[in-house]
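Q: As you go down the protein sequences, you meet chains A and B in turn. Residue numbering for the first sequence follows this note's numbering, starting at 3 and increasing by one per position. Residue numbering for the second sequence follows this note's numbering, starting at 28 and increasing by one per position.
Simulated from the structure, these hints should not be mistaken for lab results. None of these values were measured; they are calculated from a predicted model. Treat the hints loosely; a few may be bogus.
Between beta-carbon pairs, the in silico distance windows are [to be verified]:
id : chain 1 : residue 1 : chain 2 : residue 2 : range
1  : B       : Phe73     : A       : Arg22     : 42 to 52 Å
2  : B       : Ser53     : A       : Ser68     : 42 to 52 Å
3  : A       : Glu54     : B       : Phe73     : 23 to 33 Å
4  : B       : His99     : A       : Arg80     : 36 to 46 Å
5  : A       : Leu40     : B       : Ser53     : 34 to 44 Å
6  : A       : Gln83     : B       : Ile47     : 37 to 47 Å
7  : A       : Arg80     : B       : Lys134    : 21 to 31 Å
8  : B       : Lys134    : A       : Val85     : 37 to 47 Å
9  : A       : Glu20     : B       : Val97     : 23 to 33 Å
Here a beta-carbon is modelled for each residue, glycine too, at the ideal position from N, C-alpha and C.
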Amino acid sequence: NAGVMQNPRHLVRRRGQEARLRCSPMKGHSHVYWYRQLPEEGLKFMVYLQKENIIDESGMPKERFSAEFPKEGPSILRIQQVVRGDSAAYFCASSPPSRSTDTQYFGPGTRLTVL
Amino acid sequence: GESVGLHLPTLSVQEGDNSIINCAYSNSASDYFIWYKQESGKGPQFIIDIRSNMDKRQGQRVTVLLNKTVKHLSLQIAATQPGDSAVYFCAENRNSGAGSYQLTFGKGTKLSVIP
Numbered sequence: 003n004a005g006v007m008q009n010p011r012h013l014v015r016r017r018g019q020e021a022r023l024r025c026s027p028m029k030g031h032s033h034v035y036w037y038r039q040l041p042e043e044g045l046k047f048m049v050y051l052q053k054e055n056i057i058d059e060s061g062m063p064k065e066r067f068s069a070e071f072p073k074e075g076p077s078i079l080r081i082q083q084v085v086r087g088d089s090a091a092y093f094c095a096s097s098p099p100s101r102s103t104d105t106q107y108f109g110p111g112t113r114l115t116v117l
Numbered sequence: 028g029e030s031v032g033l034h035l036p037t038l039s040v041q042e043g044d045n046s047i048i049n050c051a052y053s054n055s056a057s058d059y060f061i062w063y064k065q066e067s068g069k070g071p072q073f074i075i076d077i078r079s080n081m082d083k084r085q086g087q088r089v090t091v092l093l094n095k096t097v098k099h100l101s102l103q104i105a106a107t108q109p110g111d112s113a114v115y116f117c118a119e120n121r122n123s124g125a126g127s128y129q130l131t132f133g134k135g136t137k138l139s140v141i142p
């Protein structure tokens, strides 16, 4: 039973480029969450999605960041025109399609470095 | 600001001793709490959870205690092993008001096990 999958594991971008991070939830899970972690910090919530719907994007910057979870395929977190401050580890979590308070299971993360 | 925080940023224990990691939360409306373990370069790994209608829950070598009166959560690890060395986060799962149950993380406690 595969866990949450994320790719790439490491991503290097130059300032101004675009970063696309992918997340495949655990089998049977339809809730996806994205979090960002700076060094020596806890994880910060960014966005919560269900299939084809953004439920809560209160933690996501208003500009340059977007997320989607299409009917088919992985969830994508997209960062346009990256800046050095975007360098962080980005984690995806998923939970099953029952109550929203079910446990969230995390993927291994994508470490984004902006040069 | 953060509603979940940790009393001690670092903890060193001798192998075989018991470890206690503490966490304070400020949102009395939170009804679900989780402890995660994060090893270097990896995503958070679920350890144990507890709902607000309980004050204690036990797992394999781990126990979580919840004191709602003082809004305090603790994780006890029995017979600590070198493999327990990691950063431990408590997380609070609460309704953000948008139908979303995002996790709010503390900064983490680094546990170092001395062989």
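Q: All hints are to be evaluated individually against the structure, with a verdict given for each.
A: Now the hints, each set against the structure:
1. For the pair Phe73 of chain B and Arg22 of chain A, the beta carbons lie near 27 Å from each other, so the given range of 42 to 52 Å is not met.
2. Taken as a hint, the range 42 to 52 Å is violated for the pair Ser53 of chain B and Ser68 of chain A, whose Cβ atoms sit roughly 31 Å apart.
3. In this structure the hint that Glu54 of chain A and Phe73 of chain B lie 23 to 33 Å apart at CB holds, the actual value being about 27 Å.
4. Checked against the hint of 36 to 46 Å, the C-beta distance between His99 of chain B and Arg80 of chain A comes to roughly 39 Å, which is consistent with it.
5. One distance hint, 34 to 44 Å for the beta-carbon pair Leu40 of chain A and Ser53 of chain B, is violated here, with the actual separation near 21 Å.
6. Taken as a hint, the range 37 to 47 Å holds for the pair Gln83 of chain A and Ile47 of chain B, whose Cβ atoms sit roughly 46 Å apart.
7. A hinted range of 21 to 31 Å for the beta carbons of Arg80 of chain A and Lys134 of chain B is consistent with their spacing of about 28 Å.
8. For Lys134 of chain B and Val85 of chain A, the hinted distance range of 37 to 47 Å is not satisfied, since their beta carbons lie about 24 Å from each other.
9. The hinted range of 23 to 33 Å is not satisfied by Glu20 of chain A and Val97 of chain B, whose Cβ atoms lie roughly 47 Å apart.
Going through the hint list in order, the structure does not satisfy hints 1, 2, 5, 8, 9.
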